[in-house]
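**Student:** Read top to bottom, the protein sequences are chains S and P. Residue numbers for the first sequence follow my numbering, beginning at 1 and rising by one. Residue numbers for the second sequence follow my numbering, beginning at 1 and rising by one.
The hints are simulated quantities; they were obtained by calculation from the structure and are not laboratory data. Mixed in with the good hints, there may be bad ones.
As the list claims (entries may be wrong) - Simulated coverage check for chain P against chain S, where a stretch passes if three residues somewhere in it have a Cβ under 8 angstroms from a Cβ of chain S:
| no. | segment |
| --- | --- |
| 1 | 16–28 |
| 2 | 283–290 |
| 3 | 433–439 |
What the hints assert, rightly or not - Derived Cβ-Cβ restraints for the label pairs, each shown as a range:
| no. | chain 1 | residue 1 | chain 2 | residue 2 | range |
| --- | --- | --- | --- | --- | --- |
| 4 | S | Asn197 | P | Arg67 | 43 to 51 angstroms |
| 5 | S | Asn2 | P | Gln426 | 46 to 54 angstroms |
| 6 | S | Leu3 | P | Pro134 | 54 to 62 angstroms |
| 7 | P | Ser430 | S | Leu11 | 54 to 62 angstroms |
| 8 | P | Ala259 | S | Lys12 | 54 to 62 angstroms |
| 9 | P | Gly407 | S | Asn197 | 54 to 62 angstroms |
| 10 | P | His381 | S | Asn197 | 44 to 52 angstroms |
| 11 | S | Asn197 | P | Glu179 | 50 to 58 angstroms |
What the hints assert, rightly or not - Dumping the calculated DMTMM-like pairs for lysine to aspartate or glutamate here, alpha-carbon to alpha-carbon at most 25 angstroms:
| no. | chain 1 | residue 1 | chain 2 | residue 2 |
| --- | --- | --- | --- | --- |
| 12 | P | Lys28 | S | Glu209 |
| 13 | P | Lys18 | S | Glu50 |
| 14 | P | Lys163 | P | Asp202 |
| 15 | S | Lys30 | P | Glu275 |
| 16 | P | Lys18 | S | Glu209 |
| 17 | S | Lys12 | P | Asp282 |
| 18 | S | Lys102 | P | Glu238 |
| 19 | S | Lys12 | S | Glu50 |
| 20 | P | Lys163 | P | Glu205 |
| 21 | P | Lys28 | P | Asp212 |
| 22 | P | Lys18 | S | Glu189 |
Ideal Cβ positions, reconstructed from N, Cα and C, are used throughout, including at glycine.
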Amino acid sequence: MNLEEIRSGKLKQLPGANLEDEDLSNLTLKGVNFAGANLVGVNFCQSNLERARLDGANLMGAQLVGADLRANLAGANLMQADLTGADLRGANLRGANLMAAKLREVSFAGAFLSGANLMNVNLQGADFRGAELRGANLTGANLTGADMTRSDLQGALLSEANLEEADLRGANLAGANLTGANLLCAELEDANLEGVNIAGACLAGTSVEEQV
Amino acid sequence: MLTGSIVHQLEAAHRNGKRPIRFGVYYKNTLVSLCHALEDCILTSSSSPILIAAFQQGKWYLQEAERYAELANKARQVVIMAAADTGWQDHPTSQMANVDLVSLDPTDPVAQEWHLMILSPTYTAMVLCQELSPAAYGSAGYPQDDLERKFYGLWTFEPDLVKETVELAIAQIGKYNPELQQTLTAQVQALIAEASSSPQDDLGEIVCRVVDYLQANEHDLERGEEDTSESSHPQALERNLVSNEIQAYLRMAQLMDMADATNPMAAAEVVALAETIGQLLDLPAWQIKRLRLAGLLHRLEPWHGVDRVLAGAEQAPSCPLVPEVQVLRRMPQLRAVAQILTHQTEYWDGSGQPAGLSGELIPLESRILGLAADFQQRLAHHRSTGTQENPAICAAQALAECQAQAGERWDPKLVDTLALLAIGVQQGLSLPVTPAKVTGAIWLLDFSTESAGKTGSSSETSITYG
Chain S
1 MNLEEIRSGK LKQLPGANLE DEDLSNLTLK GVNFAGANLV GVNFCQSNLE
51 RARLDGANLM GAQLVGADLR ANLAGANLMQ ADLTGADLRG ANLRGANLMA
101 AKLREVSFAG AFLSGANLMN VNLQGADFRG AELRGANLTG ANLTGADMTR
151 SDLQGALLSE ANLEEADLRG ANLAGANLTG ANLLCAELED ANLEGVNIAG
201 ACLAGTSVEE QV
Chain P
1 MLTGSIVHQL EAAHRNGKRP IRFGVYYKNT LVSLCHALED CILTSSSSPI
51 LIAAFQQGKW YLQEAERYAE LANKARQVVI MAAADTGWQD HPTSQMANVD
101 LVSLDPTDPV AQEWHLMILS PTYTAMVLCQ ELSPAAYGSA GYPQDDLERK
151 FYGLWTFEPD LVKETVELAI AQIGKYNPEL QQTLTAQVQA LIAEASSSPQ
201 DDLGEIVCRV VDYLQANEHD LERGEEDTSE SSHPQALERN LVSNEIQAYL
251 RMAQLMDMAD ATNPMAAAEV VALAETIGQL LDLPAWQIKR LRLAGLLHRL
301 EPWHGVDRVL AGAEQAPSCP LVPEVQVLRR MPQLRAVAQI LTHQTEYWDG
351 SGQPAGLSGE LIPLESRILG LAADFQQRLA HHRSTGTQEN PAICAAQALA
401 ECQAQAGERW DPKLVDTLAL LAIGVQQGLS LPVTPAKVTG AIWLLDFSTE
451 SAGKTGSSSE TSITYG
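Required output: the full structure, derived from the provided sequences and hints.
**Tutor:** Quick look at the structure:
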């Protein structure tokens, strides 16, 4: 594998390549095809991966701090990856696995996360405005103060999730599982709560406290 | 919310109104500092308040009784509500002529509430909270540390809301002491009459004190002071403090909007405009976030007055320090935002204030914000002066006025971007104008240390258009 050709931008077609633990930080890798590649432990910090193909890639434990990941990450494995400050606006993360990933200061605005696995992940204050999270697994996730206005959480798994002070104005929570979730002072104005399972959830300080 | 509690009564009164009450979560740790700050403002205020406090139990009042003697010396009336505890009547503060104790029935929902209401002709503030029931802690369990007990409610400086709540409290007091109810009612009436002719205390100073007290608490947590060392969740406590520091500024900005009858949505609209411009320029997510926070705060009095303060200055050699601008710099997380706000009044041709910066030496976010705010103000002006039946005409007029100053006051390329946006709006593009959620506003501050360090100097923020 010629790393210099990748770094210089000559080599853009790398589907299924093995780049385990390689250093690809601070590079412009716009539109590069890494589909299905082995990117375990790879260092992409501060790299620009806009419109890159990372679908089905294995990015387990990868370093993605500050990377521009407005890319195709469908079905990617991002377990234990460090995505601190990464830009995931509008990214395709359908079915991606983000368990135990570091997601501080990540922006997921307008991202597609249906069926993604975000179990027990720390997403405090994360930006999910307008994101599509249908059927996503957010069981036990920490979403304290997260901005989820106009997001689509239909059928999402949110049991035991912490949504304290989260902004869910205009969100679609139809059929979502919120059993045992903490919604203390969450904003639920104009949210769709049809068929939501809210048994054992804390609803104090919300607009629906007295209706449920 | 407990039915019949003051928090519940206030919420119910506004539930279907224009501005429903929004609640936030507060640790006891935060409430102690917040209340001390708001109470201590009484001591420096130019007028004498009515102070009504609810302490849940007499023992919590006794912890504060010495301080309350000082406050009672300044206040015209102090009322303490709590479930009686032995000896609480005997404390010297309780014996003062203008201090009245109301012994709450332990089954009264107000006995589960923590309130501080300050109503004076020149200064209004309140903290209105209810304790979370032990069952509501869920799987996390009831906290071991007293300072980690959770409350939910609101705090505010809004005069109308404070007055309304004081009236609810007086009605509650009437159930125990009708005579005191009458006295208080008469005192409130007299006070309201005084208020109309009194200049208000400086809210900027009050906000500074709130931020200072919360920050002092934060430093104690960091050092693991004795009374906080048992906390098993110092990060959660710290986060709650920082969240309330930013809330203090946001509440001040909110009051600015509310006081402007012709343009009450300025903050929300400027945020939507600035963010959309940022997106059209393909700015990174962290920079757009910072722009949003700057937009929410863009109208704060200190910056509003920047032109005026500097009008007398003959030369601006480098960037003079406008004392008011320093308010925001008290929070390290807000220094970058303060810089954006400081330079939003610069002119593209270098003839602006406060530093006379020109062209791309003006931080990009300041250029965007200045233009978005000016456009929004012009738009609001046209809407309020008769042509509001056609929003497209208002937008076209406002845009034409901004375009007339392109190259002189505004960055011409940004004016082009604004024009694109205005065309989009005319064709039906709707900007996501959502009033800020003040509680939980902590998300706004989550910049990584690295990106927060990018203070918007020209070299780092100059971007290529295309």
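**Student:** Work down the list of hints and note, for each, if the structure agrees.
**Tutor:** Results of checking the hints against the structure:
Beta-carbon proximity to chain S at under 8 angstroms applies to 5 residues in the segment 16–28 of chain P; the threshold of 3 is reached and the given coverage holds. Here's how the segment 283–290 of chain P fares: 4 of its residues keep a CB closer than 8 angstroms to some CB of chain S, so the rule of at least three is met and the hint holds. With a threshold of 8 angstroms between beta carbons, the proposed coverage of the segment 433–439 of chain P by chain S holds, since 3 of its residues qualify and at least three are required. The given range of 43 to 51 angstroms is respected by asparagine 197 of chain S and arginine 67 of chain P, whose C-beta atoms sit roughly 48 angstroms from each other.
Take asparagine 2 of chain S and glutamine 426 of chain P: their Cβ atoms lie about 52 angstroms apart, and the range 46 to 54 angstroms holds. Between leucine 3 of chain S and proline 134 of chain P the CB atoms are about 59 angstroms apart, so this pair conforms to the stated range of 54 to 62 angstroms. Between serine 430 of chain P and leucine 11 of chain S the beta carbon distance is about 43 angstroms. The supplied range of 54 to 62 angstroms is therefore violated. Checked against the hint of 54 to 62 angstroms, the C-beta distance between alanine 259 of chain P and lysine 12 of chain S comes to roughly 57 angstroms, which is consistent with it.
Checked against the hint of 54 to 62 angstroms, the pair glycine 407 of chain P and asparagine 197 of chain S passes, with Cβ atoms roughly 59 angstroms apart. For the pair histidine 381 of chain P and asparagine 197 of chain S, the supplied restraint of 44 to 52 angstroms holds, since their beta-carbon distance comes to about 49 angstroms. Taking 50 to 58 angstroms as the suggested C-beta distance range, the pair asparagine 197 of chain S and glutamate 179 of chain P conforms, at roughly 52 angstroms. Of the pairs offered as hints, the one joining lysine 28 of chain P and glutamate 209 of chain S holds, with about 22 angstroms between alpha carbons and a cut-off of 25 angstroms not exceeded.
In summary, the hint linking lysine 18 of chain P to glutamate 50 of chain S is not supported, as the alpha carbons are separated by about 43 angstroms, beyond the 25 angstroms threshold. Between the alpha carbons of lysine 163 of chain P and aspartate 202 of chain P the distance comes to roughly 19 angstroms, so the proposed pair stays at or under 25 angstroms and holds. A hinted pair counts as satisfied when its Cα atoms are at most 25 angstroms apart, and lysine 30 of chain S with glutamate 275 of chain P qualifies at roughly 24 angstroms. For the hint pairing lysine 18 of chain P with glutamate 209 of chain S, the CA-to-CA distance comes to about 19 angstroms; that is within 25 angstroms, so the pair holds.
Only pairs whose Cα atoms come within 25 angstroms are accepted, and lysine 12 of chain S paired with aspartate 282 of chain P is accepted, the gap being roughly 23 angstroms. A hinted pair counts as satisfied when its Cα atoms are at most 25 angstroms apart, and lysine 102 of chain S with glutamate 238 of chain P qualifies at roughly 20 angstroms. Taking the CA atoms of lysine 12 of chain S and glutamate 50 of chain S, the gap is near 13 angstroms; set against the 25 angstroms cutoff, the hint holds. The hinted pair formed by lysine 163 of chain P and glutamate 205 of chain P meets the criterion: a straight-line CA distance of about 22 angstroms does not exceed 25 angstroms.
This hinted pair checks out: lysine 28 of chain P and aspartate 212 of chain P have alpha carbons roughly 17 angstroms apart, not beyond 25 angstroms. Using a Cα cut-off of 25 angstroms, the hinted pair lysine 18 of chain P and glutamate 189 of chain S holds, with the two alpha carbons roughly 13 angstroms apart.
Hint compliance for this structure: hints 7, 13 are not met, and every other hint is.
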